[in-house]
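Could you build all of it, start to finish, from the sequences and the hints given here?
First residue of the sequence shown? That's 1099 in my numbering, and the numbers climb one at a time after it.
Since the hints were derived computationally from the structure, they do not count as laboratory data.
Bear in mind that the values here come from a model prediction, so they are computed numbers and not experimental data.
All the given hints hold, so there is nothing to weed out.
The list that follows gives simulated cross-link-like pairs (lysine to aspartate or glutamate, DMTMM-like), each with its CA atoms no further than 25 Å apart:
id: 1; residue 1: K1113; residue 2: D1183
id: 2; residue 1: K1113; residue 2: E1134
id: 3; residue 1: K1174; residue 2: E1110
Pairwise CB distance ranges (calculated):
id: 4; residue 1: P1118; residue 2: L1175; range: 17 to 23 Å
id: 5; residue 1: S1132; residue 2: T1163; range: 30 to 36 Å
id: 6; residue 1: A1162; residue 2: G1101; range: 37 to 43 Å
Backbone N, C-alpha and C fix where the C-beta goes; we use that ideal spot for every residue, glycine too.
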Amino acid sequence: AIGMVLPHYGLELAKARIAPHRLTEAFVQARLYSPEEAVPVGYVDRVTSPDKVVEESLALAAQATALPGAAYAGNKLLIRQPFIDAIAKSLGVS
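As structure tokens, this is what we get:
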């Protein structure tokens, strides 16, 4: 939609979040999604009303802090490392 081929790291970011069967419509066809549509596609994890953003964010943060920190960080890195590596390679960073 913006008339350019997106950089490789943009594809890696999309692959890290967007449901594989939605990549073509999102990345190639530049489909825009409503907030509600963005959840199943993978752009966002959840949608809430403006008056509940702070409350729900604090509740999610409390859930996250209850998890063992080292395991949380390790598992998060395991999931994201392939994308981090691909992005770094595309940028010429080692």
